[in-house]
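Protein chains: 2
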Amino acid sequence: MNVKILLEYEGTCYSGWQRQKNALSIQEVLEKAIQSITKEKVRVIGSGRTDSGVHALGQVANFKTYTKIPIEKLPYAINSKLPEDITVKHAQIVPEDFHARFSAKSKVYSYSIYNAKFPSPLLRRYVYFFPLPLNLEEMRRAADILIGEHDFKSFMASNSSAKSTVRCIKRFEILKRGNLITLQIEANGFLYNMVRIIAGTLVDIGIGKTKAEDMISILNSKDRSSAGKTLPAQGLCLMKVIY
Amino acid sequence: MNVKILLEYEGTCYSGWQRQKNALSIQEVLEKAIQSITKEKVRVIGSGRTDSGVHALGQVANFKTYTKIPIEKLPYAINSKLPEDITVKHAQIVPEDFHARFSAKSKVYSYSIYNAKFPSPLLRRYVYFFPLPLNLEEMRRAADILIGEHDFKSFMASNSSAKSTVRCIKRFEILKRGNLITLQIEANGFLYNMVRIIAGTLVDIGIGKTKAEDMISILNSKDRSSAGKTLPAQGLCLMKVIY
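So the sequence lines, in the order shown, correspond to chains X and Y. Each residue of the first sequence is one higher than the one before, counting from 1 in the UniProt record's numbering. Each residue of the second sequence is one higher than the one before, counting from 1 in the UniProt record's numbering.
Hints were generated in silico from the structure; no laboratory data involved. Computed from a predicted model, the values in this text were never measured in an experiment. Don't be surprised by glycine CBs; every beta carbon is placed ideally from N, CA and C. Heads up, some of the hints might be wrong.
[Unchecked claim] Think about it this way: if two alpha-carbon atoms lie no more than 30 Å apart in a straight line, the pair counts; the simulated DSBU-like pairs of lysine-lysine are:
| no. | chain 1 | residue 1 | chain 2 | residue 2 |
| --- | --- | --- | --- | --- |
| 1 | X | Lys-117 | X | Lys-39 |
| 2 | Y | Lys-68 | X | Lys-176 |
| 3 | Y | Lys-229 | X | Lys-81 |
| 4 | X | Lys-32 | Y | Lys-117 |
| 5 | X | Lys-117 | Y | Lys-229 |
| 6 | Y | Lys-68 | X | Lys-117 |
| 7 | X | Lys-229 | Y | Lys-73 |
| 8 | Y | Lys-117 | X | Lys-73 |
| 9 | X | Lys-176 | Y | Lys-229 |
| 10 | X | Lys-89 | Y | Lys-229 |
| 11 | Y | Lys-73 | X | Lys-176 |
| 12 | Y | Lys-68 | X | Lys-105 |
| 13 | X | Lys-117 | Y | Lys-117 |
| 14 | X | Lys-240 | Y | Lys-117 |
[Unchecked claim] Calculated from the model, a selection of chain X residues having no Cβ within reach of chain Y, i.e. all distances over 10 Å:
| no. | residue |
| --- | --- |
| 15 | Pro-121 |
| 16 | Leu-134 |
| 17 | Val-166 |
| 18 | Cys-237 |
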């Protein structure tokens with residue numbers, strides 16, 4: 001059977017989702033936990049890679065198994081073999097052709113900025129600390145420009161490649177609660193480092209270094225160097241995968 | 001001059017606020033940081049001890065100093081010598097007779113319960129994970145019984161002592177946001193483990209093991225063994241000290 005699982009993890013101690021030779025990945029830890037439960041060789045397919053240090057509240061993955069463990073017991077069984085920074089929150093049987101990556105319609109990422117005079121010890125693992133005042137109205141005006149289908153090449157890491165750099169941002173909200181500013185972006189797909197580069201560009205706009213209108217020319221330039229810097233991984237969190 | 005500072009810290013890696021011989025305390029780390037800045041021997045007075053593993057969003061402390069560092073620069077200077085799990089968020093000059101502990105009128109503590117089927121990797125350092133359903137209405141009825149001036153001896157760690165075990169709870173709210181249940185208690189003072197024992201008693205009430213009305217007899221018994229168990233430290237956070 002084909003099993004779809006919902007995952008939450010803190011990325012701080014991992015090299016990211018994807019299996020790597022000399023570093024510990026979420027995928028490897030998860031595969032080993034599932035294998036020790038099912039006694040089968042298991043390959044787990046994630047909805048997408050999260051980078052080193054990136055968190056997930058709602059990562060989705062699937063794997064094929066012949067296990068006889070009842071599906072509702074499976075999360076408990078797998079969790080008993082997982083460290084406390086990774087948890088399976090749900091498991092369900094899905095059709096054989098379900099593929100966590102190819103079947104995904106859209107994903108929601110959040111990027112959190114802690115905007116205060118001093119950094120927060122309690123939030124530090126989950127936010128990017130930025131002490132200068134940010135003009136949220138200007139940031140929202142610029143974010144609105146990115147909504148819709150565009151070539152996001154300017155917002156892709158320059159050392160990366162993709163068949164197509166066209167993506168569709170379905171929703172882009174900038175929320176503020178106390179000192180915490182959260183960018184929430186839903187898109188049909190994301191280029192490598194896309195959210196972190198967009199976040200860096202918006203911070204430049206928030207401090208007035210770049211104008212909100214300049215987002216149009218940055219987008220049109222299709223040139224990574226016209227956008228802002230890539231903000232650090234720990235502010236990024238994969239919130240939800242929509243199928 | 002007498003300096004009052006506002007502190008945030010993650011208690012995970014410390015033996016608590018108070019200096020100890022063979023363990024690392026917040027007080028010791030803070031005193032060393034201030035001393036390395038002011039080049040004076042400094043004694044920092046906290047509003048109260050927080051236990052091993054307990055966090056603070058708004059701990060207050062004071063210390064006497066002859067430093068010539070301008071007061072508005074002082075947090076930056078001290079923070080430059082502090083690890084990232086402790087931050088000074090504000091400093092101000094106060095009258096010589098201000099005493100972080102004796103001048104405090106009341107304190108606000110929160111106790112956070114993550115009430116879901118599976119634990120949360122992202123929140124795990126700051127919450128007590130409890131998987132069974134909790135009846136919030138019953139918990140709120142029981143909490144209301146505790147509001148006001150009472151002898152809270154039933155809710156004091158049995159290996160501890162206090163001149164008087166009478167305290168006044170000014171406010172007691174139980175909030176729910178998603179899977180997170182937060183008890184917020186403001187009182188003129190707290191006995192040793194008082195919030196954690198009250199929280200444990202309320203969880204017993206939330207699952208129906210104890211009735212809400214029983215809170216009256218538990219309170220009147222003045223007997224630690226009639227109350228619930230002491231919940232773990234990591235759910236507790238000192239939110240605010242009021243002067």
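Q: List in ascending order the numbers of the hints, as given earlier, that are violated by the structure.
A: 1, 2, 5, 9, 12, 13, 15 and 18
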